[in-house]
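Protein chains: 2
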Amino acid sequence: MDSVTALYRAHAESTVVACLSFHYGSKHNDREIPFAKWHADRLGIPHLTIPLAFIGEHFASDLLQSGREIPKGHYEAQNMQKTVVPFRNGIMLSVAAGFAESKGAGGLVIAAHSGDHAIYPDCREDFMRAMAEAIRLGTYANLTLLRPFIAMTKAEIAAEGHRLGVEFSKTWSCYVGGEIHCGECGTCVERREAFQLAGLPDLTGYLVSGPIPDKPD
Amino acid sequence: MDSVTALYRAHAESTVVACLSFHYGSKHNDREIPFAKWHADRLGIPHLTIPLAFIGEHFASDLLQSGREIPKGHYEAQNMQKTVVPFRNGIMLSVAAGFAESKGAGGLVIAAHSGDHAIYPDCREDFMRAMAEAIRLGTYANLTLLRPFIAMTKAEIAAEGHRLGVEFSKTWSCYVGGEIHCGECGTCVERREAFQLAGLPDLTGYLVSGPIPDKPD
Chain A
0 MDSVTALYRA HAESTVVACL SFHYGSKHND REIPFAKWHA DRLGIPHLTI
50 PLAFIGEHFA SDLLQSGREI PKGHYEAQNM QKTVVPFRNG IMLSVAAGFA
100 ESKGAGGLVI AAHSGDHAIY PDCREDFMRA MAEAIRLGTY ANLTLLRPFI
150 AMTKAEIAAE GHRLGVEFSK TWSCYVGGEI HCGECGTCVE RREAFQLAGL
200 PDLTGYLVSG PIPDKPD
Chain B
0 MDSVTALYRA HAESTVVACL SFHYGSKHND REIPFAKWHA DRLGIPHLTI
50 PLAFIGEHFA SDLLQSGREI PKGHYEAQNM QKTVVPFRNG IMLSVAAGFA
100 ESKGAGGLVI AAHSGDHAIY PDCREDFMRA MAEAIRLGTY ANLTLLRPFI
150 AMTKAEIAAE GHRLGVEFSK TWSCYVGGEI HCGECGTCVE RREAFQLAGL
200 PDLTGYLVSG PIPDKPD
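Just so you know, the sequences run in chain order A and B. Numbers 0 to 216, taken from numbering that gives the first Met the number 0, label the letters of the first sequence in order. Numbers 0 to 216, taken from numbering that gives the first Met the number 0, label the letters of the second sequence in order.
It is worth saying that the hints were derived from the structure and are not from the lab. Hints are supplied without guarantee of correctness; some may be wrong.
The list treats identical chains as one, so a pair stands whether inside a single copy or across any two.
[What the hints assert, rightly or not] Simulated crosslink set (EDC-like; lysine to aspartate or glutamate; CA at most 20 Å straight-line):
(1) K102 with E56
(2) K36 with E75
(3) K102 with D61
(4) K169 with D40
(5) K102 with D125
(6) K71 with E124
(7) K214 with E159
(8) K102 with E159
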């Protein structure tokens, strides 16, 4: 829901040359990517899926099909660390930078937000600032890395998406990647909490939708 | 010859967990990668080839099989700009960083050198400094990006490789990627010049080995 909202916002503000999904062997890639394509098609923006199968084969993370079970709990809880795919955003941003330079774009957009900061080092603003500098210096076009949601909460993103007409029932969060959202993994909990805090209806079907666990101290 | 020399040096100085080659659709990947593996095998270091076929399919560069003919001339001449693969080093370093973090390594090594600076933005020290910072901040292990040759010339790398016992006849430079080195493309010219300046015999077989073009002003 973050990336799709960022796409709608970028589309509203400027010309989007293309959007990229990455198939890297996570348990939920096959759920999230068709939705990404659905939104791109709706907006008339070319959508490409970049295969990064080597991540699933060689990297260590429970987010991957090669990993263990997805932990349950709050998105910012310590046990979510097992779902980190090492330097995933560095890899995705680098690929997107090379692609953007090849297509003559002026920059690229990532939808990392403040709720990601607790667990994911490659979602934090200090990482983004260094990566933005590397992308600017490492390209002829001096590409700009935009991170419009870096200081926003997921609830604020939900409100922004709602304003932009995003059909959230056609977005996928659940890391487990089953038939429907599990409702209990970190990212399902985060999703449910976001709609609740934003005061928006949550049309997602969840397998389990008990009380939302507290955010850790 | 730069990367292989960096591998020998890293092996002499510390424990090398693995080395990575990238198959990204360049004209010379199939020539250089078997040599990389040969050296890794000789040193007893695991060698992996990471496929990045999307670069050949979607990126714009004459280095790629999908591009036009490789230009002839000095490595630092302006027409070599066509052989830049956009943000290639950013992509390779990001993949290597994620891999290194997955394997519990403490850092990674790239063999970019001062002769690369004229044409390739993602070989310059200001890019490397920003990328190193992104890799440090974006990983739990705070990985270190080592660039031992960043201020050295290729002639100095040739001398260093010679000292370390690198068999340079089992390295590949030529961007054209034919049966033997063409002798006329930027990287062949750079290779010939390096051995000459280092005062070392050049055992490479070249298709054409006329006078070495002057370095541009």
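Here is how each hint holds up against the structure:
no., hint, result
1, K102 with E56, "between (30 Å within a copy, 12 Å between copies)"
2, K36 with E75, "neither (28 Å within a copy, 42 Å between copies)"
3, K102 with D61, "between (34 Å within a copy, 15 Å between copies)"
4, K169 with D40, "within (13 Å within a copy, 49 Å between copies)"
5, K102 with D125, "neither (28 Å within a copy, 24 Å between copies)"
6, K71 with E124, "neither (26 Å within a copy, 43 Å between copies)"
7, K214 with E159, "neither (22 Å within a copy, 55 Å between copies)"
8, K102 with E159, "neither (28 Å within a copy, 39 Å between copies)"
Violation of the numbered hints given earlier is confined to hints 2, 5, 6, 7 and 8; the remaining hints are satisfied by the structure.
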